[in-house]
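Trainee: Each chain is listed here by its residues.
2 protein chains.
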Amino acid sequence: MDHHTAYHDLIDGFKNVRLLESIGALVGWDQHTYMPVKGAGHRAEQMGYLAKLGHEKLTAPAIGQLLGELERAAATDEIERVNVREIRRVYNRAVKMPSKLVEEIARTVSQAQNIWAEARKKNDFPSFAPWLDKIVTLKREEATAVGYKDSPYDALLDEYEPGATTAEITRVFAELRADLIPLVAAIAASGKKPRKDILTREFAVDRQHMFGQAAAAAIGFDFQAGRLDTTVHPFCSGIGPGDCRLTTRYHPRELNQGLFGILHEAGHGIYEQGLDTTHFGTPAGSFASLGIHESQSRLWENQVGRGRPFWEHFLPRLQQTFPGTLDEITIDEFIFAANNVEKSFIRVEADEATYNMHIILRFELEQALMCGDLKPSDVPGAWNEKFHHMLDLTPPNDAQGCLQDIHWSMGGLGYFPTYTLGNLYAAQFMQQARQDLGDLDGDFRAGQFGRLKGWLNDKIHRPGQRYRAGELCRRVTGQALSHKPLIAYLRQKYGPLYGI
Amino acid sequence: MDHHTAYHDLIDGFKNVRLLESIGALVGWDQHTYMPVKGAGHRAEQMGYLAKLGHEKLTAPAIGQLLGELERAAATDEIERVNVREIRRVYNRAVKMPSKLVEEIARTVSQAQNIWAEARKKNDFPSFAPWLDKIVTLKREEATAVGYKDSPYDALLDEYEPGATTAEITRVFAELRADLIPLVAAIAASGKKPRKDILTREFAVDRQHMFGQAAAAAIGFDFQAGRLDTTVHPFCSGIGPGDCRLTTRYHPRELNQGLFGILHEAGHGIYEQGLDTTHFGTPAGSFASLGIHESQSRLWENQVGRGRPFWEHFLPRLQQTFPGTLDEITIDEFIFAANNVEKSFIRVEADEATYNMHIILRFELEQALMCGDLKPSDVPGAWNEKFHHMLDLTPPNDAQGCLQDIHWSMGGLGYFPTYTLGNLYAAQFMQQARQDLGDLDGDFRAGQFGRLKGWLNDKIHRPGQRYRAGELCRRVTGQALSHKPLIAYLRQKYGPLYGI
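Quick note, the sequences are listed as chains Z and G, same order. Quick note: the first sequence, position 392, residue 392 per the working numbering, numbers continuous. Quick note: the second sequence, position 110, residue 110 per the working numbering, numbers continuous.
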């Protein structure tokens, strides 16, 4: 077989794997938005079978043979080099996973997500405990199967953040934590607090939806190629070219949740919509890592969406959307309320500073679960103890504690650290964008987000998986990932607000 | 391999085919409800690949070998006999279909449905014409591939109505037509007409949805195991155990459309929900034929839902749902309006008598398309000419003529006749149910539908594919399918209304 044919056969085979995954993404989206409750059992069968088929197609001997053949002669084409390199990575991981394990994980987590949703609603950890136990067991089997050098946690991490290691993340998180603790303490000591009543007034859900959708469209999410629906645990799912699904949840007395949640998911969506569709289904047309993905959501949610210039444009529009509700609120009061720093229970509602403490807690607990130092049934106690130690608070119940997140029920151990990586990358990218593009704040004040979006499309989105996350960061910003841009950004933001 | 193992291997293999189909059903449902417009191209890729995979799994040599082995020793178990017989039928059809043709049809019709929806909206047949041409060509290839004795149309029919033939349907339709024409003429000659303003008042869509959902639940559709959404061309899709999706469309000034549409789809849904879930994925747990499926929708929509006893219960509730809108309307006026017989353009809005003329027209045009006597580009002219001949009307445009139905864009040639078969079976089953159960009208007046639903569950739903449609009819009613129960029912209904 000639080189050209071999490459095309490899791409065809791999695209089919991604096509099955895109079908799974849609089926999963439906599970979290519109599926009737009694459909859960059958849904688990569907998800399990799709996962099994995808794994079969990915690990077909032909894929291995084609990879070997293509690797023997170095490609001259950059796209081909990237695709062969990244398909090799995915293939190597997959062939180590027994097909039965893949299917069992998929079927288990499909069911477990429904069990978790019920358990969270009823604040009933014991009903979820056996499922968590099963999932941890399966994930340990997965780590053993794929192999690792230092920690079984590395094996999980590598799926979401290729090339990242527990040791490296531990180091950067420790540096971040060392700077965060005094910052959060100084804020608390300042005695200043925003008015809390501003974002907790009566905000009709349908109007929140309208406003959120308009804001997402304004920053650049294309609703002809996507949707916004409601769910229990918000997510963004890129189904494929022209089809990206945002989800959110609304609280009629908490504007924060829906509004910033939508900007966050829209950031993910803009990344998905910015991928190079001519390479759909291949690494060159796929997102770089979950950390980079999260950098895009954080950038729009926080760096842009919680900034004063953004609200100089949007506050009058928000006031018009809820007539009589926020009429007397000044931009200063609103910005302060939207940037309230306060230790709290729920990760997704946490401010930009304390948020990372929530992640560090999960990162540590997950490692303990994977090493066997922590039994799944002991999670609530361990959670509450660590929470008290790190955030000086004790969760009133498990729904606001260890049951708050969907991730473990999805089998997503190793996923959480990518959130703080996302915060770090977001700050570092935004610092660079401001250097490259000049007066971005002027754009935002005028409701213009196209220059920033265009820069992100060029620098971050269209490269796909050409570079791993760390290298992408170096190429875009000229520096390795560092906690400094995030700390600098937070100090600059909170300095004037809290007079510190 | 022993017999027991062979049977279980066959069932496992076949269930996987059905699992892929159930995934395709969900993906198709999404296409018609929530998919963003720009997702159409990728959706076609997903549907094409699912169809290809399903075809591969179904035609795997192992399935043929297992069938052969099982057929050599006659099974003692009835379920096994049914499953082997029906899997053989599906298998034989599938192995004759080239894999490329299967995939091409799936991909073509996924795209064509979007083209059709646009063409219908814009009344633009020429934009749809090349797609119809392609579909007819593909369906002729399909007929040639699967083979037939008398007419290529038989080959298509057999997919939807196993065992039925063009000749047989032509005969029963001719008998029906012979009795329908004088009935419709007598109604027209009576000079009597219901008040037309009753069902065309202002009916807020959200309240139509509320009422329709409540009515569907009242007749027995389980909303914990199903949903109701809006779409362009209403359908019901049974995804699998615990998950059945109804769709409808609403018009703010036409109560008929949403209301009876929902009862219709709920009838399909009650059938899907009544299948034996222990046999899901096998013929014993599948619906018997599309004609039988349609009998269940027609039975609830028309035989029950347009009857006076039903409205004695529901009219006061409808009046409460739309306060001030129908307050002065009597039950007699309402029933007459809901049973207005009048020649009209749109099949799905046609009354129970003229409806069948719409089907006969399509049945004849489809045969002409399949035999090559009619070119796809000539469809509008042929449609309008035949329409004028049969219904004395000329459609004002193609949107109200040959573009009105989704079926051809779905590749569903051969599907339409099952609608009139459904009307015929519905009348024959209902006649029997009334004999078996006594005072059903008393039940309906009291808002009780459980006895009828239970009877249908027992007699029609739970048998699955144990019997082909014709045999099921003989077993349930003691008679072969006949046009007489439908004609008797129509005469009995329209006699008092029109004084004929």
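Since the hints were made in silico from the structure, they are not lab data. Quantities reported herein were computed from a predicted structural model and do not represent experimental measurements. Each hint should be verified, as a subset may be incorrect.
[Stated by the list, open to error] In silico EDC-like pairs for lysine to aspartate or glutamate, Cα to Cα no more than 16 Å straight-line:
no.	chain 1	residue 1	chain 2	residue 2
1	Z	Lys38	G	Glu349
2	G	Lys453	G	Asp443
3	Z	Lys57	Z	Glu80
4	Z	Lys196	Z	Asp12
5	G	Lys57	Z	Glu56
6	G	Lys193	G	Glu56
7	Z	Lys57	G	Glu349
8	Z	Lys493	Z	Glu364
9	Z	Lys193	Z	Glu342
10	Z	Lys57	Z	Asp9
11	Z	Lys52	G	Asp12
12	G	Lys196	G	Glu349
13	Z	Lys193	Z	Glu333
14	G	Lys38	Z	Glu342
15	Z	Lys192	Z	Asp332
16	G	Lys52	Z	Asp12
Trainee: Confirm or reject each hint.
Mentor: Right, here's what the structure says about each hint:
{"no.": "1", "hint": "Z/Lys38 <-> G/Glu349", "result": "33 Å, violated"}
{"no.": "2", "hint": "G/Lys453 <-> G/Asp443", "result": "11 Å, holds"}
{"no.": "3", "hint": "Z/Lys57 <-> Z/Glu80", "result": "20 Å, violated"}
{"no.": "4", "hint": "Z/Lys196 <-> Z/Asp12", "result": "55 Å, violated"}
{"no.": "5", "hint": "G/Lys57 <-> Z/Glu56", "result": "13 Å, holds"}
{"no.": "6", "hint": "G/Lys193 <-> G/Glu56", "result": "56 Å, violated"}
{"no.": "7", "hint": "Z/Lys57 <-> G/Glu349", "result": "47 Å, violated"}
{"no.": "8", "hint": "Z/Lys493 <-> Z/Glu364", "result": "29 Å, violated"}
{"no.": "9", "hint": "Z/Lys193 <-> Z/Glu342", "result": "9 Å, holds"}
{"no.": "10", "hint": "Z/Lys57 <-> Z/Asp9", "result": "13 Å, holds"}
{"no.": "11", "hint": "Z/Lys52 <-> G/Asp12", "result": "14 Å, holds"}
{"no.": "12", "hint": "G/Lys196 <-> G/Glu349", "result": "14 Å, holds"}
{"no.": "13", "hint": "Z/Lys193 <-> Z/Glu333", "result": "10 Å, holds"}
{"no.": "14", "hint": "G/Lys38 <-> Z/Glu342", "result": "42 Å, violated"}
{"no.": "15", "hint": "Z/Lys192 <-> Z/Asp332", "result": "14 Å, holds"}
{"no.": "16", "hint": "G/Lys52 <-> Z/Asp12", "result": "14 Å, holds"}
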